[in-house]
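Chains U and X supply the protein sequences, listed in that same order. Using the working numbering, you'd call the opening residue of the first sequence number 1 and step up by one each time. Using the working numbering, you'd call the opening residue of the second sequence number 281 and step up by one each time.
Rather than coming from a laboratory, the hints here were simulated on the basis of the structure. We treat Cβ as the ideally placed atom computed from N, Cα and C, and that holds for glycine. It cannot be assumed that every hint is accurate.
What follows is a set of in silico ranges between Cβ atoms, one per label pair, in the way DEER data are often shown [to be verified]: (1) U/H198 with X/P580: 23 to 31 Å; (2) X/V517 with U/T174: 38 to 46 Å; (3) U/N233 with X/D474: 30 to 38 Å; (4) U/H198 with X/V566: 49 to 57 Å; (5) U/R17 with X/I574: 43 to 51 Å; (6) X/N446 with U/P113: 44 to 52 Å; (7) X/Q428 with U/H198: 46 to 54 Å; (8) U/T174 with X/D474: 35 to 43 Å; (9) U/E172 with X/Q428: 52 to 60 Å.
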Amino acid sequence: MTAPVVRLTGVDKTFSRGDQLVTTALADISLDIAAGEFVSLIGPSGCGKSTLLRVIGDLIEPSRGEVIVNGKPARRARLDRDYGMVFQAPVLMDWRTVEDNVKLPLEVLGWDPARRSARTREMLDLVDLGEFRGHRPYQLSGGMQQRVAIARALAFEPALLLMDEPFGALDEMTRERMNSEVLRIWERTGTTIVFVTHSIPEAVFLSTRVAVMSPRPGRITKVIGVDLPRPRNELSRESPRYFELVTEVREALRAGGGLGLDDEIVVASAERTMAEGGIG
Amino acid sequence: MASAATAARATAPRRLSGGLRGLLFVILVLLAIAVVWEGAKFLGGVPWREPGAGPGSPIIHRPPFKWALVNDLNLPHIWNIGIALTKPFERNSDNNLAQGLFSAALYTWREAGIGFIAGALLGLVLATIFVHSRLLERAFVPYVIASQTIPILALTPVVAFALGRNVLAVVVVATYLTFFPVTIAMIRGLRSYDPRSMELMRSYAASPWQIYWKLRLPASLPYFFTALKISATASIVGAIIGEDVGSIQDGLGRVITTFNQYYVTGPEKLWAAIFFAALLGGAFFVVVRTTEVIVLRGRPGAAAG
Chain U
1 MTAPVVRLTG
11 VDKTFSRGDQ
21 LVTTALADIS
31 LDIAAGEFVS
41 LIGPSGCGKS
51 TLLRVIGDLI
61 EPSRGEVIVN
71 GKPARRARLD
81 RDYGMVFQAP
91 VLMDWRTVED
101 NVKLPLEVLG
111 WDPARRSART
121 REMLDLVDLG
131 EFRGHRPYQL
141 SGGMQQRVAI
151 ARALAFEPAL
161 LLMDEPFGAL
171 DEMTRERMNS
181 EVLRIWERTG
191 TTIVFVTHSI
201 PEAVFLSTRV
211 AVMSPRPGRI
221 TKVIGVDLPR
231 PRNELSRESP
241 RYFELVTEVR
251 EALRAGGGLG
261 LDDEIVVASA
271 ERTMAEGGIG
Chain X
281 MASAATAARA
291 TAPRRLSGGL
301 RGLLFVILVL
311 LAIAVVWEGA
321 KFLGGVPWRE
331 PGAGPGSPII
341 HRPPFKWALV
351 NDLNLPHIWN
361 IGIALTKPFE
371 RNSDNNLAQG
381 LFSAALYTWR
391 EAGIGFIAGA
401 LLGLVLATIF
411 VHSRLLERAF
421 VPYVIASQTI
431 PILALTPVVA
441 FALGRNVLAV
451 VVVATYLTFF
461 PVTIAMIRGL
471 RSYDPRSMEL
481 MRSYAASPWQ
491 IYWKLRLPAS
501 LPYFFTALKI
511 SATASIVGAI
521 IGEDVGSIQD
531 GLGRVITTFN
541 QYYVTGPEKL
551 WAAIFFAALL
561 GGAFFVVVRT
571 TEVIVLRGRP
581 GAAAG
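So here's chain X without its partners, still in its complex pose (with noise of 0.2 Å):
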């Protein structure tokens, strides 16, 4: 009996080396992928030339093959890029690079925190109607379904005109990709219960209300939180396509077209800003995971997924 007790004690500490341990792989496949890409760049890149100077600076290697794909517009060196994220931000700016981004890539993730927190409300909200009445199931989620086939980019537009070019239409954007995932997670979440803890209840006479709080919410945050890792992501998607056509000019989109204009001349602000928005969404998804762990904590399978 006493056994039990020590095993679960006895697992803490070996989870907490697990997640450590999974940390250094993360590390270890960022230098893998570095590897692979300045590799690459050293058989069959452009001359190189010494890290952050100008064409026309003395060549330090010269790679045996030519290969379009990864010439210095294609694919920057990783220290060039690294070197103008110390650079001024703009023209006259007294950020640099990474300054101007971590602020900008904070602006964004506020309007798809706000967008994130309404979309998954709304899809809690929307499928705790479904799983209540198959009626309005089968008439309505057709229509959640096919609201996701409309293509972002033509919906945002929409949206724009109508609410005006600013936060709120962005808001609503990143609201759009995130409700979904939740609504369909927690159609199935709100029926995962075991039928006969559906039999226990009833047998205590219990309230919808109280079978809904106790058993069948519950029973589904495992899918939830599935869904949130989602829709935690895409809700950063959301957003950032969302600033771009609201015009909004504090936030990663504006930076990102910005960039994308500028591109010829600079790629490394590009790879810069494609870096941040990675970090932005891996800084996301860590929150909700973090929140999992807390609130599942105890479960068995808790640590996985």
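Bound-form chain U, shown alone (with noise of 0.2 Å):
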């Protein structure tokens, strides 16, 4: 194996207020995740999986552990601009059109027009929403417009894409669909995805792996391959070893242990108060 996209290596996260220990959101997370892989990270909600991913990511810093990513530091990565996001809502800006949003990372990295222009065309159409570039994001559904956030996202050719339930306030029918789409997209492209969701049967259907975590403080408990072939598709659901496969995450989360509404709430808040107080 190659030298790996990411490496975490023993992995903290913990939250205090003041000097008042609130919660560990994250213990002891090490994973390797190799270039072209989709790996998944699954785990009741406020096991601290939206966390990791922005570790991963340094829009948070560990409390203790080492993000590596391409070989560098999590910031040095970052400000090499090797990351995409996606996030649960599109988060469009609404005054700018479907075009000048996917146009914004790259007049952030300082693309000359042309270049801008021909590259959302082109990012445009593969998420099949160019007759749709002078629109404004409110005229589009829920899934146009996180089609839009992924164009966004992949525009720039980011290294590794970090997507945080992306297609969790969806409907079953429109998720179905964003997910074979998401899979096309990542098998045309070749981009390493890190994914979190709560969604078993998404997990299985995207991912090379699924990296399942337990409830506070949120720990990798068990890494699953999905060894389903390739490509798949919509029979991909109805084949045995997928039916195994969901039971299998299902009865490592199971194990993961179970989960009281109060600490739910804890964590949930704490990371609410730790995104909002780091961006600032």
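Put the two chains together into one complex, using the hints given.
Quick look at the structure:
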């Protein structure tokens, strides 16, 4: 195996308010992700999977441990624009057209206008939204908005695509269609993807490996390799092997431990506090 | 998918007719005010005479009641205000009152407009500094707020004394009343971005400058225009008061002071001046509102407010 795109070694994340330790969100996370992999992080709400994604993306600093991306510390990787981010909500700027939203990272990176336009057109074609380039985000459906967000994240060809429950807010039918779409894009671009989800079928259908996390403190309790043949399609969802893997992930989640509602609320609010406080 | 496009196209003409309907309502309310005004005078005013006619002319209507509040001194007949507009602005003046008030209003607007732009820029700069430094925000925002608790009537003479009785003093007073709403609104507005948009910008390793121009400022524009609409009218009030204290001869401030002194002999003139001041404030508001609609077009909810 060549050098991993992501190498996590002994990562802890604790949240404190003042001197008081509020919660341990992540405990002793170690994980290698190879180039071209599609790794899902799955776990119950509040298990710290979104925190882990933000630690990889250098949006949250770990309390302990090392995060190496493309052979560099995560901070360096962020400054080198190695990350594309997709959130649960599309997070499009409503004062920009669809086309200008996709252009945003290219403007920040200082591409010249001709190159920006060409790449934007290419990316919108990739997500089948070429004819909507002049629309405003609010004129599109939720699924279409999320495709714009994916096009935007991939526009500058980041080495690593971080997706935080990107289809969590979509209905089941749209979600399955988006799953196939993201697989198609992944196969075409060869981008390494880290994908946070709480949907077992989604994780199994998409991933090369599924990392199962336990509730607080979040640990990776099991990493399950998904050997479903590719290319995957709607039939993959009906194969016996698919159901075996779904069962395996479910059992790993259950073995990871139960979760009281209080714990969930504490961790979720600590994550929120951190996410807001860390970006001022 | 195409339905979204057609829906967007369909809202355009509806919005236009909405604007016309709004104008219609404004006119209707204006008519209603006129009806209440003259209705009250019909019931409780002093005896009505021919429009524009003097005290000795025949009475055409005797109101059944007698209410001091609506006598001809407190509330002159609307048509008499209208007639006063066609009379000379001042003794021996070539212009009639309407022309005189119009040019005074334009003059005041120019002062208010300069103060308004200066105040908006000052407010924007202050808010930009404050959202980037909690320390400076904590240190100086209390003084920004305290500045507005000083009665403008107390401050204006000080400004006039320091800067001289000239247009600059008037502009400074207008600026003083303008910058406050902009500062307060923009402290909020420049923080009103979606926190995930900030994560996105950080994931691009965007510079603080890029974050400001591409995220903070565009996200704050609805707040900016809300503040500007308040400031537009405030700047005119500031200019009128400033003109009065600064002894500026050409604006509405001096006209209002003069007509105030001669109110007993000609209440219509002061009412006409009040009407023009209100019209000026309204016109300035409409200018800002129109700019807002143009700048914010395409955003959801841009038609509201």
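Subject >> Structure versus earlier hints - violations, ascending order >> reply: 2, 8
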